[in-house]
Amino acid sequence: MNTVLLQYALEVGKTGSITQAANNLYMEQPNLSKAIKSLEEMMGAPIFKRTSKGVVPTEKGKIFLEYAKNILMQLEEMESVYKGQEREQNEFRLSIPRATYISEAFCRFVKRMDRSKEINLSLKETNSMETVADVADEKCRMGIIRYSEEFEKYYAQILKEHELESRLIWKYDPVILMSGNHPLADEEVITCEQLKEYLEILHGDIKLSSSLPIKNVSAHWSGEKRKRIYVYERGSQFNLLQTNEDGYMWVSPLPARCLKSYGLIQRTCFDLDRKYRDVLIYRPHYKLSAYDEMFLKEVQMVKKEIIGDMAAER
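Numbering (my numbering), first residue to last: 92 to 405.
For the record, the hints were derived by calculation from the structure and aren't laboratory data.
Heads up, some of the hints might be wrong.
[Unchecked claim] DSS-like, lysine-lysine: derived pairs with alpha carbons at most 25 Å apart:
#: 1; residue 1: LYS128; residue 2: LYS144
#: 2; residue 1: LYS153; residue 2: LYS128
#: 3; residue 1: LYS105; residue 2: LYS153
#: 4; residue 1: LYS128; residue 2: LYS140
#: 5; residue 1: LYS208; residue 2: LYS230
Since we're looking at a predicted model, the values are computed, not measured.
I would like the entire structure built from these sequences, with the hints used as guidance.
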């Protein structure tokens, strides 16, 4: 049983009102009602009795709430014991898109970690739907998702359904990543039409929920490009761009150090009308840890460097 449901039930019991409890929990009232109903179905008996003045616990509900209170108190005691040990180690789990600037920030973050303590880190590069699932299922405390602005309402609904909070990390125009020897490397202006004859490299596991209208998915993937290679990790994409000088990718802007390491360049597209968002997601009431804040600070520093480098090139 998810202990969050126990917290929900205790808050409803304390306030005597689902509406007030929802406000206290910073969640939508229908979502709280649905959660309480799910809990009651799980227990096989009603926990609350609905009245014109609010809700009151049933006789069995009173017993349930007492047990729930004791369970949560015991869990807090257990966590306090664990946290005494946790101070001696660095633990951090994160799901992210395949974004080089985020990976660069993670590397810098790791470099800053205290090596005198145990280090337990997990970085998973995956698609946005998998990241949503990872955070919702508490496989990681936070994640970063990426989507085109045209899908903003869709992802807002997805996050609402999973009861996740979010905050914007970066809103950007995608750039064209290519070899320094690409046929278009010296072009001052590059258009989408010019790219059609070249080899496009894409990440192969982009996944959208089946609840997204088919016409929107089709619009997202439509186009006349006929030469494509799908890859599933960033190392392959860089090697492909190095050895196939007619290849290119649409990516978030890269740090200058990474471009130099692989002999690559990034260019803007004159007539591309699409912006992307990288968004941090986390469960409600989650308080960012010191390590979370340290990592996010590195992300902002890398982003600032990239923006400065791109401005200097203009």
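Q: Please work out if LYS153 and LYS128 have their alpha carbons no farther apart than 25 Å.
A: Judged against 25 Å, a Cα distance of about 16 Å means the pair holds.
Q. Is the hinted pair LYS128 and LYS144 satisfied, with a Cα-Cα distance of at most 25 Å?
A. holds (19 Å)
Q) For the pair supplied as a hint, LYS105 and LYS153, is the alpha-carbon distance within the 25 Å limit? A) holds (11 Å)
**Q.** Straight-line alpha-carbon gap LYS208 to LYS230, limit 25 Å
**A.** OK: LYS208 and LYS230 at ~23 Å, within 25 Å.
Q: For the pair supplied as a hint, LYS128 and LYS140, confirm whether the alpha-carbon distance does not exceed 25 Å.
A: holds (12 Å)
Of the numbered hints listed earlier, not one is contradicted by the structure.
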